[in-house]
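Asks: Letter by letter, the chains look like this.
Protein chains: 2
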Amino acid sequence: MTPKGFSFSAINAGVKAPGTARLDLALIFCDKDAVASGVFTLNKVKAAPVLIGMELVKKGSLRAILANSGNANACTGSGGTDDARALMEETARTLGIHRDEVAPLSTGVIGVKMPVGRMLEKIPELAAGLGGDPAPFAKAIMTTDTFPKVVTRTAGAATVLGIAKGAGMIAPDMATTLAVVLTDAVISKQDLDNIVKTSIESTFNAITIDGDMSTNDTLLALSTGYVTVNTNEISRAVHEVIRELAIMLVKDGEGATKIVEITVTGAGTDAEAKKAAMAVANSLLVKTALFGADPNWGRIMAAVGYSDIPIDPDTIDITVSGYRVVTSGKEAEGFSEDMLHKKLVEKEIAIGIDLKGGSGRFTAFTSDLSYDYVKINSEYRT
Amino acid sequence: MTPKGFSFSAINAGVKAPGTARLDLALIFCDKDAVASGVFTLNKVKAAPVLIGMELVKKGSLRAILANSGNANACTGSGGTDDARALMEETARTLGIHRDEVAPLSTGVIGVKMPVGRMLEKIPELAAGLGGDPAPFAKAIMTTDTFPKVVTRTAGAATVLGIAKGAGMIAPDMATTLAVVLTDAVISKQDLDNIVKTSIESTFNAITIDGDMSTNDTLLALSTGYVTVNTNEISRAVHEVIRELAIMLVKDGEGATKIVEITVTGAGTDAEAKKAAMAVANSLLVKTALFGADPNWGRIMAAVGYSDIPIDPDTIDITVSGYRVVTSGKEAEGFSEDMLHKKLVEKEIAIGIDLKGGSGRFTAFTSDLSYDYVKINSEYRT
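Each protein sequence line maps, in turn, to chains L and H.
Sequential numbering from 46 applies to the first sequence in the working numbering.
Sequential numbering from 46 applies to the second sequence in the working numbering.
With the rest of the complex left out, here is chain L (with noise of 0.2 Å):
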């Protein structure tokens, strides 16, 4: 089910390489304008199309998305900026719109010259293959996800669908991705950015895999209104596509075994509990302990003291999965290696941490590291 107004095409234009088969040039097309708002990495290190995007976003309007994995057109100078309204113009120029009516978005590897010869050559095949099934789309922005991320939602009679490609470089904020949220419902660009603004706060800006934020982060979230519908149920249907893609991004991180929520109470402020979570939730040593399923508790007691808040660290307690390891600051009473073990080894796993010291809250969503987060990273080129 897909949103009306909205059709899709993926074709492979070579963009990794010449040769490979996979798909890697892909196209949304709206049959009207489109209200548009977007969420752009904070890296000051910004690609072209995000930069190019930013400020189509601001308009408000867009006729389609042209997006392209393998090549994240970053740190190639005006060269980069000029290789994507090309694009821009092709694809515009095939569609009957305009050229600022087409927002780019582009990932892979930084700092290589996009092919754009090889791509151009193909938008009039990739325009000729619009329909209505979005999973090609999915799949072309990929890159090292090992599935492709669809969400939908319904509001009343209106659909909102979700895509995204995560995998790597997961780090607020915003966890670095490319999403697209596309929905029919009748609704302001105030209130579709308002939306989207609130929702990624407590979605993508709270996943992390690696800690690192890429130049290319980008969500899009367009709609055609085509169906009028309540303000807060697609406010609310919104969130959750946005929060359950957040989510498949972290199960799906690079080499991820387990998808691991932290919450911590109990802080000054919500941002001091942002805090605390996330250094829990990045800790190196946290994520290789509960990849080994290691009853270390003590490494999630050294993140909580390095976050760098007011705490009392005998005031602190942890429980995880349900089952008490910390009060007050030190070993539970009758706390056992062998139940936290038995804790780690599950897939979801749910840590909290009680500060006992505000009513701040956070809750961050991470994935724990393995042989295989090393193995992708070290050979992503070779």
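Hints may contain errors.
Just so you know, same-sequence chains aren't split out, so a pair can sit in one copy or run between any two.
Taking lysine-lysine and the DSS-like style, the derived pairs with C-alpha atoms no more than 30 Å apart in a straight line are [claimed, not checked]: (1) 49 to 388; (2) 392 to 167; (3) 401 to 89; (4) 392 to 420; (5) 184 to 77.
Rather than coming from a laboratory, the hints here were simulated on the basis of the structure.
With chain L's structure known, arrange chain H on it following the hints.
Replies: What follows is chain H alone, placed relative to chain L:
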């Protein structure tokens, strides 16, 4: 060659588990009052020996150091302090000195009670074994270290001896480690404090293995004051010993196969240069690329970009071991992936990043991230 007035001993006391043969309890004795300085972890979760050591060093004089590996004596509540004090008391009684002249040092698993009974029993035998060779002490404080770390320098007729353990949880500020720096030079408490504090900033606080910071970091510096030397000379020798120990820690980082020096120049301030250098030094994507000799320089640009300092991406130059990789934010002319790969295969790598925005500079040291890091840390206790 050891500085006059110090003797050393080490023994197996079954700290980790009874029946293991390794040295895990160690002693340094000063035959007269030694001027003492110390630097301690900034982690808010501090082990009992850290809290005690901080108080002892304020008084400025020590006679002995009692160190153990296998147990951090952290997160064990007031019992941890009682345990440390009992060990200090027994050491003092055996050596005929006062309890508060014995500084405790611990490293190992957090949150597990120390086997104080076994340790107390061994102290008389430990004291009886005191002799001139520091090697057993250096071995006894090792955890996942693969080699003992001992450095000596002379300053005129005086000697400076440094001993450290590192390997895991190495991160500023300060690098997680236990270190002792011993000298027989005449030096005031104030001068020793100054030398240690200024040396730390460009050495132990400039190295990182995994970004984690322990609950137990401690560097203690002691001087018996037998030999009169020029203050500049002794300062230089102490600095060199501390720097050499820091580099040895990185070389022996868990699973490390390479040592990488990252120098950022052209930042607005030294502090900004440090932020950028440490972002690159801590980036898992950079560290895995270094392990795999993957010529993926975009990951360096991305890390500089998210380091949260003012930069202009279009002015950045990057060299790797002298080879120009990036000029003004994009691939240098004539750049060859093969050439960069060859530089990255080397065991010692120097990354130069010129931001061209000011005169701030900083050099950080890091290691690569290998399969073995994951192996060591996922199986630490199993």
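Asks: Taking the hints in turn, state whether each one holds.
Replies: Here's how the hints hold up against the structure:
Taking the closest pair of Cα atoms, residue 49 and residue 388 never come within 30 Å of each other, the shortest separation being 45 Å inside a single copy and 53 Å across copies. For a Cα distance limit of 30 Å, the shortest separation of residue 392 from residue 167 qualifies neither inside one copy, at 42 Å, nor across copies, at 44 Å. Proximity of residue 401 and residue 89 under a CA criterion of 30 Å is satisfied inter-copy only: 15 Å between copies versus 37 Å inside one chain copy. In the homo-oligomer, the alpha carbons of residue 392 and residue 420 lie at most 30 Å apart both inside one protomer (21 Å) and across protomers (19 Å), since each shortest distance falls under that limit.
Taking the shortest alpha-carbon separations for residue 184 and residue 77, only the intra-copy value of 25 Å comes in at or below 30 Å, while the best inter-copy value is 73 Å.
In the structure shown, a violation is registered for the earlier hints numbered 1, 2, in ascending order.
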